[in-house]
Amino acid sequence: MRDRMRLLGMNMTRRSNRRWVVAVTYAALLALGAIVWTLSGNRGEARAFTLLLLVASLLVNGIIFGGYGCWGLIRPFNTNKPFGFGTPSHNDERDLRRRDRMHFYAYRIVVSLFLLGYFLGRDLFQHPQVGNALLVGALVLGLTLPQALLLWIEPDMEFEEPAAPEYPPA
Amino acid sequence: MSNKVGSKSNEEMRIYNRLAVLRAERGLTRQELAGAVDVNYQTIGFLERGDYSPSLALAFALSEFFGVPIEAIFSPRPFAPLKTWPAAGSGQ
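Protein chains in written order, with the numbering used here: chain L, 1 to 170; chain C, 1001 to 1092.
Next up, chain L with everything else stripped away, as it sits in the complex:
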């Protein structure tokens, strides 16, 4: 998490606020997914909206969640300089431990969705539309879930203002 946890003027040190942001973001992505679903009869439009959904997921990372973006509530996961420039993010041992654990949780969920989507989409089950939806859902979750889990699970953060500089008496 970043030192300054603010998003659109809201205090994100509180877990309840962060949970609202995660819920609203996924509701928006789900709405976009529903459009893809309803347009699935029209191949061209469905492809365009699928692409839009994936781009929206990347924007969610970059602007809201962070982690894999320059901005957002979570420091960049990569502790090296992103793309070889800028300042490396300072993730301490706890940050790294939490990051790795959330990726482990997300990995299991995403792989389960991929497997389910793959098997449902096969001829055996005759549900290609459901299979495709699950595969796209798995892609979206693969891009965003570790960060979302981190924002959802981390407890309320205590924010401490930096100590004021001490001036010698006049």
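Source of the hints: derived by calculation from the structure; they are not laboratory data. By construction, the Cβ of each residue, glycine as well, lies at the ideal position given by its N, Cα and C atoms. Some clues are possibly wrong.
[Said to hold, decoys possible] Some but not every residue of chain L turned toward chain C, in silico, with C-beta under 8 Å:
1) M1
2) E45
3) H90
4) R94
5) D95
6) D100
7) M157
8) E158
[Claimed, not checked] Some chain L residues well away from chain C (every beta-carbon gap over 12 Å; in silico):
9) Y26
10) L30
11) G44
12) W71
13) N91
14) S112
With chain L held as given, fit chain C onto it using these hints.
Relative to the frame of chain L, chain C by itself:
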């Protein structure tokens, strides 16, 4: 193979600490302590509340910073209050 000491995972095993006391004694803010041992200040809060158990490297860094042995800062059992120490109140 199991042994009694190592039977609980790190996350199940609660580690008690005296960080808040030591920090207050020295009049340090969390940010100052965090800067001294190179972690984020929120991690100091998690440590003080017992929500996070530090790595051995961080425990050594804290021990070195405060100038006390690790076992004076961290313990697997709750610390006894100072007033119950044998020397307390005996004038020694």
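Now for the hints, and whether the structure bears them out:
1. Contact between M1(L) and chain C, as hinted, is supported at the beta carbon level, the nearest pair being about 7 Å apart and thus within 8 Å.
2. Interface hint status for E45(L): violated, as the beta-carbon distance to the closest one in chain C is roughly 45 Å, over 8 Å.
3. Hint status for H90(L): holds, given a least beta-carbon distance of 7 Å to chain C, under 8 Å.
4. Annotation: R94(L) was flagged as interfacial toward chain C, and the flag holds, the nearest CB pair being 5 Å apart, inside 8 Å.
5. Here the hint on D95(L) is kept, as its CB sits about 7 Å from the closest CB of chain C, short of 8 Å.
6. Interface restraint check for D100(L): the shortest CB-CB distance to chain C comes to about 13 Å, outside 8 Å, so the restraint is violated.
7. The restraint placing M157(L) at the interface with chain C holds, with a minimum CB-CB distance near 6 Å, inside the 8 Å limit.
8. Proximity of E158(L) to chain C holds as hinted, the smallest CB-CB distance being about 5 Å (cut-off 8 Å).
9. Under the 12 Å C-beta cut-off, the non-interface status given to Y26(L) relative to chain C holds; the minimum distance is some 25 Å.
10. At roughly 31 Å from the closest C-beta of chain C, the C-beta of L30(L) stays outside 12 Å, upholding its exclusion from the interface.
11. With 12 Å as the threshold on Cβ separation, the claim that G44(L) sits away from chain C holds: the shortest Cβ distance comes to roughly 48 Å.
12. The non-interface label for W71(L) is consistent with chain C: the shortest C-beta to C-beta separation is roughly 18 Å, beyond 12 Å.
13. Not every C-beta of chain C lies more than 12 Å from that of N91(L), the closest at about 8 Å, which undercuts listing it as non-interface.
14. No Cβ of chain C comes within 12 Å of the Cβ of S112(L); the nearest lies about 23 Å off, and the non-interface call holds.
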